[in-house]
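What follows is each chain in one-letter form.
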Amino acid sequence: MNELANLFDAALLSSTMRFATPLLLAALGGLICERAGIFNIALEGLMLTGAFAAVAGSYYAGVLGGVGAAVVAGAALAALYAGFVVGLRSDEIVVGIALNLLASGLTVFLLRALFGVKGAFQDPRIEGLGSVRLPLIEAIPIVGPLLSGHSWLVYAALMLVAIVWVVLFHHPLGLRLRGVGEQPDAAATLGVNTRRVQAAALIVSGMLCGLAGAQLSLGSVTLFVEGMSAGRGWIAVVAVLLGRAHPVGVAVACLVFGFTDSLGFRLQGRDIPSQLTEMLPYVVTLIGLAIINSRRAQQKGLQP
Amino acid sequence: MSTHRATQDGSSSSQLTQRLRPLAAPLLAVLGALVLGALLMLVTGHDPLAAYRAMFEGALGGRKLANLMATLARATPIVGMGLAITIALRGGYLNLGGEGQLVLGGLTSALVALYLPLPGWLLLPVSLVGGAVAGAAWALLATGLDRVFRVPLLIGTLLLNYPARYLASYLVNHPLRDVASGMSQTHRVPEGVELAYLVPGTRLHVGALMVLALVLVATWVVRRTRVGYELRMTGLNPDFARYGGINTVRLGFGTMAISGSIAGLVGAMEVLGTHHRFIDNALTAPLYAWTGLMAALLAGSSPLGVLAAGLFFAAVHTGGFGMERGAQVPRELSRVLQALMILLIAARSRLLTPTHRDAPAEKASSS
Chain G
26 MNELANLFDA
36 ALLSSTMRFA
46 TPLLLAALGG
56 LICERAGIFN
66 IALEGLMLTG
76 AFAAVAGSYY
86 AGVLGGVGAA
96 VVAGAALAAL
106 YAGFVVGLRS
116 DEIVVGIALN
126 LLASGLTVFL
136 LRALFGVKGA
146 FQDPRIEGLG
156 SVRLPLIEAI
166 PIVGPLLSGH
176 SWLVYAALML
186 VAIVWVVLFH
196 HPLGLRLRGV
206 GEQPDAAATL
216 GVNTRRVQAA
226 ALIVSGMLCG
236 LAGAQLSLGS
246 VTLFVEGMSA
256 GRGWIAVVAV
266 LLGRAHPVGV
276 AVACLVFGFT
286 DSLGFRLQGR
296 DIPSQLTEML
306 PYVVTLIGLA
316 IINSRRAQQK
326 GLQP
Chain B
372 MSTHRATQDG
382 SSSSQLTQRL
392 RPLAAPLLAV
402 LGALVLGALL
412 MLVTGHDPLA
422 AYRAMFEGAL
432 GGRKLANLMA
442 TLARATPIVG
452 MGLAITIALR
462 GGYLNLGGEG
472 QLVLGGLTSA
482 LVALYLPLPG
492 WLLLPVSLVG
502 GAVAGAAWAL
512 LATGLDRVFR
522 VPLLIGTLLL
532 NYPARYLASY
542 LVNHPLRDVA
552 SGMSQTHRVP
562 EGVELAYLVP
572 GTRLHVGALM
582 VLALVLVATW
592 VVRRTRVGYE
602 LRMTGLNPDF
612 ARYGGINTVR
622 LGFGTMAISG
632 SIAGLVGAME
642 VLGTHHRFID
652 NALTAPLYAW
662 TGLMAALLAG
672 SSPLGVLAAG
682 LFFAAVHTGG
692 FGMERGAQVP
702 RELSRVLQAL
712 MILLIAARSR
722 LLTPTHRDAP
732 AEKASSS
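Line order of the protein sequences matches chains G and B.
Mind the numbering: the first sequence is residues 26 to 329 in the numbering used here, read in order.
Mind the numbering: the second sequence is residues 372 to 738 in the numbering used here, read in order.
What the hints contain is simulated information worked out from the structure, not anything from laboratory work.
This structure is a prediction, so every number in the text was calculated from the model and none was measured.
One or more hints might be untrue.
DEER-style ranges, computed between Cβ atoms [said to hold, decoys possible]:
#1 B:696 to G:104: 32 to 38 Å
#2 G:112 to B:657: 33 to 39 Å
#3 G:184 to B:656: 37 to 43 Å
#4 G:322 to B:595: 36 to 42 Å
#5 G:293 to B:657: 24 to 30 Å
#6 B:657 to G:188: 40 to 46 Å
#7 G:150 to B:552: 35 to 41 Å
#8 G:246 to B:432: 40 to 46 Å
#9 G:213 to B:431: 48 to 54 Å
#10 B:657 to G:246: 23 to 29 Å
Partial list, computed: chain B residues near chain G (C-beta under 8 Å) [to be verified]:
#11 527
#12 540
#13 545
Ideal placement from N, C-alpha and C gives every residue a C-beta, glycine not left out.
Just chain G, same shape as in the assembly (with noise of 0.2 Å):
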């Protein structure tokens, strides 16, 4: 009981915050392209990208140049791919692909190309994002842990969750964002422009995945590892479908998978190898899409 106790603590909870913000950023920015009919699965070339500038641009402007550079890599990366899937109608799937490759090769080579490193990049000229202490959450039990003392990157995440919420449900925004994904046909009807919705969708996502990134290289560590997006934004990916693409239900997702990500991290203190507990978020990621997944296709009434 004492065990349990020790292993589910405050800290717990406040690390569950820290791995779920990059997975919301990224989930948010696929949902957005999900809602305008664009399956967007280069969230992890997008995040890798993001991690890559913000640690080059903290390098050589300080913590904000960072973050500006990780937003305007991410939106460069994801204009790429909206020329390519919304330009030139190319398959996705493909390009998405491609550009995952493309981010893990580039963010390598220039690593080398600029400061002449291998494997990772640690330097004390690296400014991090700090933390944020609310005085009178703080004080709290169980909440104050959990709220307080992050990066101003987690409380920007939650807020950007209310505020996908908006206005895709109240606002003409969002209402034209979804008009494109489900009816395309009727959206043009009526003047939208559905190309350009597309194509802003992907931008905005990639500026999404790109703040990811810097939560990722500049939140609790201050440092670039090659591939150090390492899988998670395809937990994104998975995190837009269980959510359904709605905010609530990505958050959701995202929070658990955060904790299965601190718990797995917990469990290494324990003498528990940490090639078994970093498998943890991609079993319980997959276990749930498969249960969530069966059981609506058993409610649509569909013989699986």
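Given chain G, put chain B in place with the hints provided.
Quick look at chain B alone, frame taken from chain G:
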């Protein structure tokens, strides 16, 4: 197929263009990527011409053609993985789990060779088969998740890579580690359970011939057999195929099993032919699975095309080492070049049928 049509309808000159047309897009993509790569080198302060010259030499030259041999040795797993992906892609199944299947195949073959009490002559084939079975099992797990639990194949295959990698890493770091070696690896497989080298002094082993044979068999199967026809029909339009009496469920499981078993076999061949033990990250770090996937995408689901694309990408890889030695350009540029080629080829790609492609998105947005 296409030669038939050409001889019937066309003159000899149109026959030639017809046969060359599939090559135009990949060649343009390669050219475009080289130009973009040159720009990137100029921006980062390198000399592109010197770099490409060093790359060419590094891929094909060397004393006694050593670099060419290195390219062929590297092409073996890349073509093998490309073939595994292509077989599935032809039926419209996107197998992104090649990496996990490769790793588990390699691991299993090493464990069979090390721990199964069999006579020496039997151990090599059993070890290879064990690798293939492990790869197939991992691919079938993803297929089952797709068919029974409606986890999109694309997602299921991809996510299963991570547990496979971590499991193998755990085993060779803890219970099955060769502690005396000081590295994260298993013990060395017994003598006689190794694939022989084709050219002494190089890393080119018998696996290269096995991959070549697999490519030829696959070409025959997809062009001349009923299963090949059914696979192509299913890839083009699964509903139509089902309507036409093809058992697409059985075909799907069968295809993914073949795809996974080839990937597992490639892992086994690399373990028994190159490393002679399972070394942590040795199969994942060179990105064999992902390069194979790129070869499959570049070749547009033709096994012979995969052979060509795989050889080419292997040359780009080994050329990358030459470029680093000869022109001080980080060899990771070869990864950028490859991704650019795929991106440019993807501009016109229609590889996946709409039905397969839309499945995940549809599940998410419908309520």
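task = Take the C-beta atom of residue 657 of chain B and the C-beta atom of residue 246 of chain G, compute their distance, and say whether it sits inside 23 to 29 Å.
result = With Cβ atoms ~27 Å apart, the hint holds.
request  = Return holds or violated for the Cβ distance of residue 246 of chain G and residue 432 of chain B against the range 40 to 46 Å.
outcome  = holds, 43 Å
task = With respect to the beta-carbon atoms only, verify the hint that residue 696 of chain B and residue 104 of chain G lie 32 to 38 Å apart.
result = About 36 Å separates the Cβ atoms of residue 696 of chain B and residue 104 of chain G, which means 32 to 38 Å holds.
task = Just tell me: holds or violated, for the beta carbon distance of residue 184 of chain G and residue 656 of chain B against 37 to 43 Å?
result = holds, 40 Å
inquiry  = Restraint: residue 545 of chain B near chain G, CB-CB cut 8 Å. Satisfied or not?
reply    = At 6 Å from the nearest chain G Cβ, residue 545 of chain B passes the 8 Å test, so the hint holds.
key: Interface hint for residue 527 of chain B, Cβ within 8 Å of any Cβ on chain G   = Hint on residue 527 of chain B: holds, closest Cβ of chain G at ~7 Å, below 8 Å.
inquiry  = Between the beta carbons of residue 112 of chain G and residue 657 of chain B, is the distance compatible with 33 to 39 Å?
reply    = holds, 34 Å
Whether the CB-CB distance between residue 293 of chain G and residue 657 of chain B falls inside 24 to 30 Å = holds, 28 Å
ask   = Falls inside 36 to 42 Å, the C-beta gap from residue 322 of chain G to residue 595 of chain B?
value = holds, 38 Å
ask   = Between residue 150 of chain G and residue 552 of chain B, is the Cβ distance one that fits in 35 to 41 Å?
value = holds, 39 Å
ask   = Okay, residue 657 of chain B versus residue 188 of chain G on CB: inside 40 to 46 Å?
value = holds, 43 Å
task = With respect to the beta-carbon atoms only, verify the hint that residue 213 of chain G and residue 431 of chain B lie 48 to 54 Å apart.
result = holds, 52 Å
In this structure, none of the earlier numbered hints is contradicted; all agree with it.
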